[in-house]
Amino acid sequence: MGLMNGLDPRSLVLRMPGGNVLISSLDAAINASRSNSLWTLTFGLACCAIEMMAAGASTYDWARFGFEVPSASPRRADMMIVAGTVVRKMVPIIRTLYQQMPDPKYVVAMGGCAISGGPYVYDSYTIVRGVEEIVPVDIYIPGCPPRPEALLDGLIKLQERIRGQSVRTAPAGQA
Amino acid sequence: MGHFLYDLFYRTDVLLDAWRTAAHQSWAMRGWPVVILDVLFQLGWAAAAAVFLAVNALFIIWFERKLAARIQIRRGPNRVGPWGILQTLADTGKMLIKEDIIPDAADRGVFKAAPLMVLASTFLLFVVLPFGRGLVPADLNVGLLYFLAIGGLSVIGILAGGWASNNKYSLMGGMRSAAQIVSYEVPAVLTVLSIALLAGSLKLGDIVRAQPAFGYILLQPVGFLLFLTASNAEINRGPFDLPESDSELVSGFVTEYSAMRFAIFFLAEYTNLFLAGAFAATLFLGGWRGPLLPPVAWFLIKSYFVVFLLIWIRWTFPRLRVDHLMAFSWKVLLPLALANLFITAVLVKVL
Amino acid sequence: MRNVTFGNRDKMPPTARGTVPAATVVQPLPSASATSDEFLLNIGPQHPATHGVLRVVVTMDGEVVKDIVPHIGYVHRGLEKLFENRTYEQIIPFTDRTDYLSAIANNFAYVRGVEMLLGLEVPRKVEYMRVLMAELNRIASHLLWLAAYGLDMGAFTPFLYAFRDREEIVAMIEEASGGRLTTNYFRVGGFVHDLPKDFFARLRKFLARFGKALNELDTLLVENAIFVARTRGVGVIGKERAVSYGMTGPCLRASNAAFDVRRDMPYSIYPSLEFEIPVGRNGDTWDRSWVRIEEMRQSLAILRQAMEGFPEGEHRARAPRNIEPPAGEVYSAVEGPRGEIGFYIVSDGTRKPYRVKMRKPSFSNFSALPEILRGLKIADLVAVMGSLDLVVPEIDR
Amino acid sequence: MRAEEALAALRKRFPGVETRPVDPAPGVTVPPQSLREHLVFLRDELAFDFLVFVTALDRPSEGALELVYRLFSHETRVSVVVRVRCPRDGARVPTVSDIFRTAEWHERETAELFGIVFTDHPDPRRLLLPDDLDGYPLRKDFTHPNLIRLPEAR
Numbered sequence: 001m002g003l004m005n006g007l008d009p010r011s012l013v014l015r016m017p018g019g020n021v022l023i024s025s026l027d028a029a030i031n032a033s034r035s036n037s038l039w040t041l042t043f044g045l046a047c048c049a050i051e052m053m054a055a056g057a058s059t060y061d062w063a064r065f066g067f068e069v070p071s072a073s074p075r076r077a078d079m080m081i082v083a084g085t086v087v088r089k090m091v092p093i094i095r096t097l098y099q100q101m102p103d104p105k106y107v108v109a110m111g112g113c114a115i116s117g118g119p120y121v122y123d124s125y126t127i128v129r130g131v132e133e134i135v136p137v138d139i140y141i142p143g144c145p146p147r148p149e150a151l152l153d154g155l156i157k158l159q160e161r162i163r164g165q166s167v168r169t170a171p172a173g174q175a
Numbered sequence: 001m002g003h004f005l006y007d008l009f010y011r012t013d014v015l016l017d018a019w020r021t022a023a024h025q026s027w028a029m030r031g032w033p034v035v036i037l038d039v040l041f042q043l044g045w046a047a048a049a050a051v052f053l054a055v056n057a058l059f060i061i062w063f064e065r066k067l068a069a070r071i072q073i074r075r076g077p078n079r080v081g082p083w084g085i086l087q088t089l090a091d092t093g094k095m096l097i098k099e100d101i102i103p104d105a106a107d108r109g110v111f112k113a114a115p116l117m118v119l120a121s122t123f124l125l126f127v128v129l130p131f132g133r134g135l136v137p138a139d140l141n142v143g144l145l146y147f148l149a150i151g152g153l154s155v156i157g158i159l160a161g162g163w164a165s166n167n168k169y170s171l172m173g174g175m176r177s178a179a180q181i182v183s184y185e186v187p188a189v190l191t192v193l194s195i196a197l198l199a200g201s202l203k204l205g206d207i208v209r210a211q212p213a214f215g216y217i218l219l220q221p222v223g224f225l226l227f228l229t230a231s232n233a234e235i236n237r238g239p240f241d242l243p244e245s246d247s248e249l250v251s252g253f254v255t256e257y258s259a260m261r262f263a264i265f266f267l268a269e270y271t272n273l274f275l276a277g278a279f280a281a282t283l284f285l286g287g288w289r290g291p292l293l294p295p296v297a298w299f300l301i302k303s304y305f306v307v308f309l310l311i312w313i314r315w316t317f318p319r320l321r322v323d324h325l326m327a328f329s330w331k332v333l334l335p336l337a338l339a340n341l342f343i344t345a346v347l348v349k350v351l
Numbered sequence: 001m002r003n004v005t006f007g008n009r010d011k012m013p014p015t016a017r018g019t020v021p022a023a024t025v026v027q028p029l030p031s032a033s034a035t036s037d038e039f040l041l042n043i044g045p046q047h048p049a050t051h052g053v054l055r056v057v058v059t060m061d062g063e064v065v066k067d068i069v070p071h072i073g074y075v076h077r078g079l080e081k082l083f084e085n086r087t088y089e090q091i092i093p094f095t096d097r098t099d100y101l102s103a104i105a106n107n108f109a110y111v112r113g114v115e116m117l118l119g120l121e122v123p124r125k126v127e128y129m130r131v132l133m134a135e136l137n138r139i140a141s142h143l144l145w146l147a148a149y150g151l152d153m154g155a156f157t158p159f160l161y162a163f164r165d166r167e168e169i170v171a172m173i174e175e176a177s178g179g180r181l182t183t184n185y186f187r188v189g190g191f192v193h194d195l196p197k198d199f200f201a202r203l204r205k206f207l208a209r210f211g212k213a214l215n216e217l218d219t220l221l222v223e224n225a226i227f228v229a230r231t232r233g234v235g236v237i238g239k240e241r242a243v244s245y246g247m248t249g250p251c252l253r254a255s256n257a258a259f260d261v262r263r264d265m266p267y268s269i270y271p272s273l274e275f276e277i278p279v280g281r282n283g284d285t286w287d288r289s290w291v292r293i294e295e296m297r298q299s300l301a302i303l304r305q306a307m308e309g310f311p312e313g314e315h316r317a318r319a320p321r322n323i324e325p326p327a328g329e330v331y332s333a334v335e336g337p338r339g340e341i342g343f344y345i346v347s348d349g350t351r352k353p354y355r356v357k358m359r360k361p362s363f364s365n366f367s368a369l370p371e372i373l374r375g376l377k378i379a380d381l382v383a384v385m386g387s388l389d390l391v392v393p394e395i396d397r
Numbered sequence: 001m002r003a004e005e006a007l008a009a010l011r012k013r014f015p016g017v018e019t020r021p022v023d024p025a026p027g028v029t030v031p032p033q034s035l036r037e038h039l040v041f042l043r044d045e046l047a048f049d050f051l052v053f054v055t056a057l058d059r060p061s062e063g064a065l066e067l068v069y070r071l072f073s074h075e076t077r078v079s080v081v082v083r084v085r086c087p088r089d090g091a092r093v094p095t096v097s098d099i100f101r102t103a104e105w106h107e108r109e110t111a112e113l114f115g116i117v118f119t120d121h122p123d124p125r126r127l128l129l130p131d132d133l134d135g136y137p138l139r140k141d142f143t144h145p146n147l148i149r150l151p152e153a154r
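Protein chains in written order, with my numbering: chain Y, 1 to 175; chain F, 1 to 351; chain X, 1 to 397; chain L, 1 to 154.
The set of hints was computed from the structure by calculation and includes no laboratory data. Built from N, CA and C at the ideal position, the CB exists for glycine as well. Heads up, some of the hints might be wrong.
[As the list claims (entries may be wrong)] Selected chain X positions facing chain F (in silico; Cβ < 7 Å):
no., residue
1, G154
2, V222
3, I226
4, F227
5, V228
6, R230
[What the hints assert, rightly or not] In silico SDA-like links for lysine to any residue, alpha-carbon gap of 20 Å or less:
no., chain 1, residue 1, chain 2, residue 2
7, X, K377, F, L89
8, L, K140, X, D348
9, X, K239, X, A258
10, X, K352, X, L120
11, F, K66, Y, R64
12, X, K352, L, P122
13, X, K239, L, P122
14, X, K377, X, L120
15, X, K377, X, G238
16, X, K377, X, V64
17, F, K168, X, G62
18, F, K66, F, L89
19, F, K331, X, A225
20, F, K66, Y, Q100
21, X, K377, F, A178
22, X, K352, L, A47
23, X, K352, L, I148
24, F, K168, X, L195
25, X, K205, X, L220
26, X, K66, L, P122
27, X, K377, X, T59
28, X, K352, L, R149
29, X, K212, F, T316
30, F, K168, X, E63
31, F, K168, X, A258
32, X, K205, L, I148
33, F, K168, X, V69
34, X, K212, Y, S58
35, F, K168, X, D348
36, X, K212, F, K66
37, X, K352, L, P151
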């Protein structure tokens, strides 16, 4: 890393003959790894957590897609599924957890509460109206709570988005 | 050609010896120092062991996932590659390119060294592991002792990792692990001693050769169970997986580890699983010996069978409590192992 | 190729609605003076053993728990305030979401309270349907407890077995109500719609199969030697203390106190049904587990009786369109899977309640945790907390 | 023992208390200073061993807060409601958390939601609310920037 300070290796690679091919195949390999191995942070807040558990259980078995390892430590999580109601007392904790996760990290807002505050938008003095006010969200899965199929569908959509990534367009140092 | 293949698979020791002698002669004829050749030979072994270690871990993790899924009436990974066999590869690839976090409060040097210490202790065990007749980097005279001594080394890495993370959960995980490995080392040693008594040697090759066709398991059924339990506890797997128990200590000593450093711990853990199976196979199931199939195949079949047993156990039982775990070792396993050793000694003397 | 960059952003999005406080240190630790031998361990709010977002701060002397301070409120949504600005019918879906594992029991308690305020009699068939649903819900909830408790104890497999059976119940409830978890099935005076045609066929099939599956789960977890060693004699709370702490449900019954709302404050058709109330002997963690397993068996018996005596009739009484109960107050309690679920409703004669107080079992059960845990080993914490079967939004409301 | 008998015994023990039947439980209103002796009497003499909940009602028109203690007896299976009225400003009520352990948390909750001080409470910290929240949410005149009222349907 030290050698590369201030120098973006990507521009060098692209100037090489066949650099494009190299980058494309690199992209393919990286994206295949990332998209097929999304470990989740075990982070259930409310009702949606139960459907998240159901998605992990036999009937729906999200291990099939590589979401197998529910990681209790944010250090090993790739995505945070915010499953449930976020209230103001929880805000600093969610922010800390997000910052503790290593890059690249993804956030899935599961259910109405995480998207917008859900049924508690009005008349609740503690609600946070959508987790996007705290952390950047990649995928929204509507429902109250969403069915496990909906969760799986959302996660597969996330995989598709990851497959569209390229080191070429990623910010320097974060590819 | 067929002759060569036969030699390669069934008489590997003869082939290797012949090859080594020939190489030695030719180096000596040219006046080159033979020491370099020996070093090269050992480096070759090391490379082979490293490749095996990686491939084996990839396979064993997939195997465990699929088997666990089978036990739990679900499918397990099936999207990456046929039957999801490349799932582990995807996981490894992802961890390689993930951000590597070292907490601010951590002891950086120790934090970085800890995973390597654990991996090194596992890697070193391959030195004495006989994969087949003569297929062993160094069949030491004190092979059994070496296995016990080096096998206990991983505790240093675990303790270092737990301490360096500067996290209470990590520290508690590390401490538990240290206590656990040290306590279960004792019954393991005593059990292995009775094998040494029977075989009359500490050399693993000799122990395999000394076994009757059915292995020592029939002479030492209690010993086998003791060894299986103790080694299961030593590799920190369920139901003895307290150092990294999810529900109590988040992830124990690996709580603060991310990306590749965690992957190394993971690699070491699954290599240890294989080694537990391999040594159980070597000491109790007759190692590489068996009819028809080549020795290597027999060795792998037996090892993976024990691994299968360990996985089965892990996915069936709840976790022990930490004091029960200690009590189990000192109050149950140790007296049993002592009694087993005593009876073995008497029988060996009498018969 | 789409050029998407995402997931790598560390910069915060502009806070559009500007209501979120800046990132601060999590609530400071309590000023418990830790001497050199003691140390504080903070568990939660994000910790696998807390089943949601609880936080407990444990003062430990070596491995022994000296003191334990629970912190709650991480899912406090201010529901009781919210209820004051909703009409009676609009409140029903919110009662689901206070305790999503026993949505039906919550519906039941609330709807019954409103009916009591109105002085409304419901048809016999409705009562039977309510009991059927409530008991199915109880089994589903206990199964989920078993699954989660298995995880706590380090056994992953019972989790999946329990979920397999739970899915079957959930499918039945879904077919009837349209929702898997948060069913919103009850209405004042009855149900939103009738039971589906093949409901009883499915129920019969389930009843025939589940008894065996339950025995299997029992053997796999609750009667496992390791499990028994970890739970028996651990986390004991006596009858007197349990009552004083307001514990209800299986947690109280494990302490040898035979109190069950279904029998002692009878409602619906429970007086006409025959079932036993399993009671533990010692009030320890194992008893709490055993009571739940036994309760599932009793629920099966209730389901069978309710199915046999199921009458014909309307699925909804003739309730007024606008619910405007006369001024007054009422307390309606039902036996939920975790204990006494009560709704204290005060009406001032308008379409919206003056005050709704929810009395939730987990709140009281959890408040006894320091009492149960003091003096135990830290390793028991998980076993004890899991055995209380906490649902966090129910504690916080 | 039936509910009426319990109530009669209560009336006998504390002459002058106002008793009124509330469906389905009978109720009794007591002044704050004698709350504790009433509860001790109910618990020890009449076997009301179970405090179901503690809560309060805000009556701004009367300038009063009304505390509600609901008791249940496992022995006789009878409920009774004890009420305490106190002024909205500077409401002070003695704690009963040593009589019924469960009251500790219920009182903490009521205190922060209604702004009632429970004197001699062993642990008077906040329970549910974040530390930076001002006001008492369950009072009728509570306002908060984060509290957006549901628009009235037209």
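Going down the list of hints, with the structure as the test:
1. G154: Because about 3 Å separates G154 of chain X from the closest Cβ in chain F, which is inside the 7 Å limit, the hint holds.
2. V222: Interface hint status for V222 of chain X: violated (10 Å vs cutoff 7 Å).
3. I226: For I226 of chain X, the interface hint holds, since the closest Cβ of chain F sits about 5 Å away, which is under 7 Å.
4. F227: Constraint on F227 of chain X satisfied, holds at 5 Å.
5. V228: Given a least distance of 10 Å, the restraint on V228 of chain X is violated.
6. R230: R230 of chain X check passes; min Cβ-Cβ to chain F is 5 Å, inside 7 Å.
7. X:K377 / F:L89: violated, 41 Å
8. L:K140 / X:D348: With Cα atoms ~14 Å apart, K140 of chain L and D348 of chain X stay inside 20 Å; holds.
9. X:K239 / X:A258: holds, 10 Å
10. X:K352 / X:L120: Holds, at about 18 Å.
11. F:K66 / Y:R64: holds, 10 Å
12. X:K352 / L:P122: Measuring from Cα to Cα gives roughly 36 Å; hence the hint is violated.
13. X:K239 / L:P122: violated, 23 Å
14. X:K377 / X:L120: violated, 52 Å
15. X:K377 / X:G238: Judged against 20 Å, a Cα distance of about 19 Å means the pair holds.
16. X:K377 / X:V64: Holds. K377 of chain X to V64 of chain X sits at ~5 Å (cutoff 20 Å).
17. F:K168 / X:G62: holds, 12 Å
18. F:K66 / F:L89: holds, 15 Å
19. F:K331 / X:A225: Holds, because 16 Å separates the two Cα atoms, which is no more than 20 Å.
20. F:K66 / Y:Q100: Outside the cut-off at roughly 31 Å; violated.
21. X:K377 / F:A178: Roughly 19 Å between the alpha carbons, so the hint for K377 of chain X and A178 of chain F holds.
22. X:K352 / L:A47: Roughly 36 Å between the alpha carbons, so the hint for K352 of chain X and A47 of chain L is violated.
23. X:K352 / L:I148: holds, 17 Å
24. F:K168 / X:L195: violated, 53 Å
25. X:K205 / X:L220: Violated. K205 of chain X to L220 of chain X sits at ~23 Å, over the 20 Å cutoff.
26. X:K66 / L:P122: Measuring from Cα to Cα gives roughly 18 Å; hence the hint holds.
27. X:K377 / X:T59: With Cα atoms ~11 Å apart, K377 of chain X and T59 of chain X stay inside 20 Å; holds.
28. X:K352 / L:R149: holds, 14 Å
29. X:K212 / F:T316: Distance of about 19 Å is within 20 Å: holds.
30. F:K168 / X:E63: holds, 13 Å
31. F:K168 / X:A258: Roughly 42 Å separates the two Cα atoms, so the pair is violated.
32. X:K205 / L:I148: violated, 49 Å
33. F:K168 / X:V69: Holds: K168 of chain F and V69 of chain X sit about 18 Å apart, inside 20 Å.
34. X:K212 / Y:S58: holds, 19 Å
35. F:K168 / X:D348: With a Cα-Cα distance of about 54 Å, the restraint between K168 of chain F and D348 of chain X is violated, given a limit of 20 Å.
36. X:K212 / F:K66: violated, 26 Å
37. X:K352 / L:P151: Holds - the C-alpha atoms of P151 of chain L and K352 of chain X are around 14 Å apart, at most 20 Å.
Hint violations for this structure: numbers 2, 5, 7, 12, 13, 14, 20, 22, 24, 25, 31, 32, 35, 36, all remaining hints satisfied.
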